[in-house]
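Asks: Here is how the chains run, residue by residue.
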Amino acid sequence: MADTNGSRAANAAKANGGPVTFLEAIKQAMFEEMDRDPAVVVIGEDVGVYGGAFKTSEGLLEHFGWERVIDTPISESAIIGAACGMSYLGLRPICEMQFIDFIACCFNQLTNFVAKGHYLWNAPAPIVVRGPSGGGVHGGPFHSANPEMYFVHTPGLKIIYPSTPYDAKGLLKAAVRDNNPVLFFEHKFLYRRIKEELPAEDYTVPIGKAAVRREGRHLTILSYAAMMHTSLEAADTLAKEGIEAEVIDLRTLLPLDEETILKSVKKTNKVLVVHEDTKTGGIAGEIAAILCEKAFGDLDGPLMRVTSLDTPVPYAPTLEDYFLPNAKKVFAAAKELARY
Amino acid sequence: MAVDIVMPQMGESIFEGTITKWLKKPGDKVERDEPLFEISTDKVDAEIPSPSAGVLKEIKVGEGKTVPIQTVVGVIDAAGDGAGAAKAAAPAAVPAPKVAPPAKGAAPAPAAKPAAAPPPPQAARPSAPAPAAAASGPGAAAPSRPAGERIHSSPLVRRMAKEHNIDLAAIPGTGAGGRISKEDVEAYLAGGAQPSADAEASEPTAAEFAPPAPAPQRAAAPPPPPATSGGQTRVAFESAVPREKMYFGNYEVQPMSVMRQRIAEHMIASKHVSPHVYSVDEVDMTKVASLRAKSKDEFEKRYDTKLTFMPFFVKAAVAGLRAFPTMNASLDGTNVILHKEINIGIAVALDWGLIVPVIKNADEKNLLGVQRTLNDLAERARTKKLKPEEVQEGTFSITNPGVFGGLFGLPVISQPNVGILGLGAIEKRPVVINDSIAIRSMCYVTLSYDHRVVDGAIAHQFLHKVKETLENWSEPIL
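Chains as they are written, first to last, in the numbering used here: chain C, 277 to 616; chain B, 3 to 480.
Just chain B, with the same shape it has in the complex (with noise of 0.2 Å):
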């Protein structure tokens, strides 16, 4: 029984996603859950586990293009061992299990819902934020350009694009009027669609995202208008000077990745919609960082991970937010949202960009839980095997551009949170202590907040409370 592998929904506000890389050659035998083929969207990258287990029948969407979820991506034969054939076809046919529940915004008919009044206050957790249900809803198949819009393009682009055996849908065009350019078409062969399954690396180093195949972009070359691949927020990617002015000399020319392009749309919406305020705290880390230094080496022989100052922060954190629930919300139209789980995101440096997963329920884990989360998630988002929920649902971020030496930053808030915290990198300074001067480990640390709903009041309590946690640590670490 033939069961077809469709692309999953990412999260929810994702409409579509990028095959980065087939696991499997038509032919290959897998198993159920066994990683497949590769995506990127957005939110992660991701290894999507089979839907079933038998023989990869058919690869309908080739690496490097980028489908709305729900697209039908490959077919599997059952072999008969009926693991997944009740799945077949149904739109609803999920890769695994752990993804999010695509239903709801593929299912034609519930997707109406989402029209409705907000959801209601007391839902504990909202299932599915309304307007993202609403994009997604209506078209299940909700291709990168409204569907009937004729694609302009030209002789030779439809002539490349059938050479290449390539869907100009999955192409965004960047000529006049959104017109399809050869140099768009380039650009996307250049970003890693090989459609002829080459095992290449998986990793996508920085190299990769260079473009390898067009010409040497030296010598004044062209500035074909980049390609954004399938961006709603086509204001992320302005320039605030003439194009021609920013090719000058030697240079090399790199498409930004999917992630980055994704960060990039994130980054300027968040500043359209929040008005940020920073405030900074100065903590004194002596206390930490010495019972840190006694334990590390009992706690990584002990629990198998180790110890950072990290999950002394999610903990001061927690604690913060606690004490003042009006920094874990989101903002809704005139609704404050005030969560009630504390899911706290952790940005994550990645070589190719940037990634927040969420450690879920922080404030019911202990120092040891929160530590393996942490070490866990980071890991793993470093692999590419993140799951997308894992990187849902945050009520409050944190970021440490202290690690690279930083005296502190100013993050920018991650959506839908109203606050952030940066830290600071920890150092020895003098500090004057009872009108004596004494060494302490010392760090900065910000608090980025969205000023339509905290104001400076709460946040330098909040940061307050953050510090006098972290002076007066109590928790036993082992």
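Chain C with its partners taken away, still in its complex shape (with noise of 0.2 Å):
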């Protein structure tokens, strides 16, 4: 679809230069995605003549139409049931979660419905499920949850959570153009706090791949979304006090990619993970049985986890502050494993 002259959608959506923050990144995935298949289309709570409640969808509805935006009753099972009819008559809708713990209210239909469809009639829904999700920002118990782990269980999903603008932009396109359900994670921390300059080309970040985002030989630290962000600051103090820390970013946490993790414990034989999900049932806890099933051979210490305590995210500013992981809490955690 050719580029209308003088659009907001154009002006404000368009990969045109300069360092764009997480949210741009992921408003020209959407864009760019949209312009590139006519197949593609936007499905939620207030996308389209709000522009979304972060503004994701900010021109969209004007540049692509309504029958390709469209506005939802606040019904999220609902979302998701349209968007599989829709992706079985050959669209591939990307839904918005306003809020993702809100995710919840769809959840049999993503866990019942939409991850069977492959295996029960070989008819996998390529619909894109994507929201902001965290902590930090003080939103409390109802805007703050991390629901990844829930969908982790799921066979028949890929769950994508993303700590960069490059990566956001890149693993939702790859998403778009998947053909399995894909949820894609937004941490709303995130969202306005860190640049990047982004190509002008067109590209996409492949799916199932995790990034070393720090090299080190001491421990590694596994992590992902915001408290990848929060492990590299942690790995900055743990390398002036001499120990290295290598610091993976997940990405992709169904499929999960082993081969990086147990490369990585191969030259540094101790991991550290460190989620913003609360402790049980975390990815850790996976992550450590994996370990112990591959890797067991190449343990010189215990895995080790930093996570948000097990309790709803307190809506009190300090007590969501003692709830969450922070760098302190990591460099502790890492020191201790580095001596261990």
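Read the hints as simulated data drawn from the structure, not as lab findings.
Possibly wrong hints are sitting among the right ones.
[Stated by the list, open to error] Below 20 Å or equal to it, Euclidean Cα-Cα: the simulated EDC-like pairs (lysine to aspartate or glutamate) are:
| no. | chain 1 | residue 1 | chain 2 | residue 2 |
| --- | --- | --- | --- | --- |
| 1 | B | 247 | C | 520 |
| 2 | C | 516 | B | 254 |
| 3 | C | 604 | B | 246 |
| 4 | B | 247 | C | 612 |
| 5 | C | 543 | B | 165 |
| 6 | C | 570 | B | 165 |
| 7 | C | 516 | B | 246 |
From a predicted model like this one, the values you see are computed outputs, not experimental measurements.
Each of the two chains sits in its own frame; use the hints to bring them together as a complex.
Replies: In structure tokens form, the structure reads like this:
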């Protein structure tokens, strides 16, 4: 579809140089994918007229029209159900959860239906479900969730949780092009806090590939999303104490990039997993099991984890600070592990 | 017939030794008393002679490994010439007759004895100090950790041990709760443990102690806590500041050799048990210097050994010790042991450390005898040919920082002595004699002594006796 002269969407969403925020990267990805493929539609609450609660779909309606930018009633279940039906008719919907916490409302749709389509009928639903997640912005118990692990436990889905604008754009584009249902988590703490120069040309980032963000040899810190930055900050401090942490950004939680993880563990022999999700049932436990199964002989220390506490996300700012992992906690755990 | 080669007991208080080098390969023919392997303990580095003639059948303990005394480290097939057949398998099998009889510490039953009362004071030559025997007695095979204690490691460490064919019991753990970590194994491997009998230089130069294997320890290297090799005095390796604070800029980490670790332990122990007091005196060496200058060429020609200043000091110390026997003593609890022999340990600086061989019965030797013994001991210290008993049973010691240009030094007492004499450099200085200024060869001598046993009055009189003996030298040199 040709760019319309003077279109707000075009001006706002096109990659036209200069560093962009995580939000803008998401916006660019959706714009470019819709631009590239007429089958791509956006559906969600307030995504059209209002331009999305975080303005990620601002200008899309104006540019692509109401048939491809669809406002829905407040029913997440309806969004997923409609998107699934559209996907079977050849469309590639991008569904927005206004806050990812509400994905629980369409849990049945996603786990019992969307995720099983490929297995049951050889009919995978090429839908993307995306939305703002995570805490640290004083959103309280209903607007701060990290519900990724409910879905990591669900075969048939792909789960992406990026940490940088570049990855967010590249992975969202890859998700749209993927023929499987993909859940795409966007950490809202990162939305406006980091900026990055993005390539002008079309690119994607492969799903299922972790990225080594910092090389090190004394221990491996596995993390993703906002905690990836926290881990990098801790790694800087660790380096001053002579401890070189390798920081790996998982990027995709399902399928997990075991190859990259195992390669790093072979080198460092010690693993710390840092995630903002609560501890019990978090991805750290899964990684611990994988290491026991596949790298037991490479371990020179116990897998350690720094996570949020096993409670709902508190509303009080001081309590939320206490609840969340931070660089200090990561530093302390890493140091203990390095000395183990 | 198979003859076991055992790790000899290289001194009373030694429970283990490290095999630094095998001089023979399995299959090699060996003569009885031919050097078979080299070991390193806290006291000496030594070549251990073969207990028997025959063929080296098996090496059970590889290079770099530390094992308790009496551990069988290899087997010789005695090829029927019967040389050492009788000794086979018996735990008392001693590699060389000269080595201190290990049976005392090793034989399980008799070892119970040390628990008995302290040695009777009249025992002119107590066979083995009670505490040492007690410690080594019960477990002939006492490993570096208490028997039966679980070795804490990790899956990785166990895998590495398997791959390198090393016994984890030999590796001291520095991780949490004494766990053996990857770094410990790497340090152990880097510390010269080449299980594949790799013929490398046997002289442990400074370079050899530098870790060859670990990744270049430069840019903010990991400070893995260094491993001590089976030492008993952990306090010797404590740091006064957080370890992180020591690693900055560019640096290189050199693991301490076994000898270095033992020196550290000994120094800490000595400073811990003995309240050191220091006294300094000044000796006019002009007479000795001129006598030596006059006779040294002839001396060397006649006796084929160099004449140094040291034997003069040894003889002077002997005179002092004879006059003040409390200086020639050891302290056992509330008993002062006055030694009847005067055995003077001489500190010998080595490229790789320090050792104190002992001139036994120095009081019975003339200047030539002392000099000869001295030169012989020093030479063999440098070539690692000292026998364990030659570094034991010292009753007093002398160290010579002056040889490196020091005005004087205040040495730490070599236990279980109660005193050590330090010699400064001999230099010409203006000195007032009978109200006129003369140029004399002067030397500061210092005495460090254990104030529990020796008081200042005795110490200064002793020093004065040393001074007097040197300044009025009367013994003929040639």
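Asks: Work down the list of hints and note, for each, if the structure agrees.
Replies: So, going through the hints one by one against the coordinates:
no. : hint            : result
1   : 247/B <-> 520/C : holds (16 Å)
2   : 516/C <-> 254/B : holds (17 Å)
3   : 604/C <-> 246/B : holds (17 Å)
4   : 247/B <-> 612/C : holds (17 Å)
5   : 543/C <-> 165/B : holds (17 Å)
6   : 570/C <-> 165/B : holds (18 Å)
7   : 516/C <-> 246/B : holds (9 Å)
No hint from the list above goes unmet by this structure.
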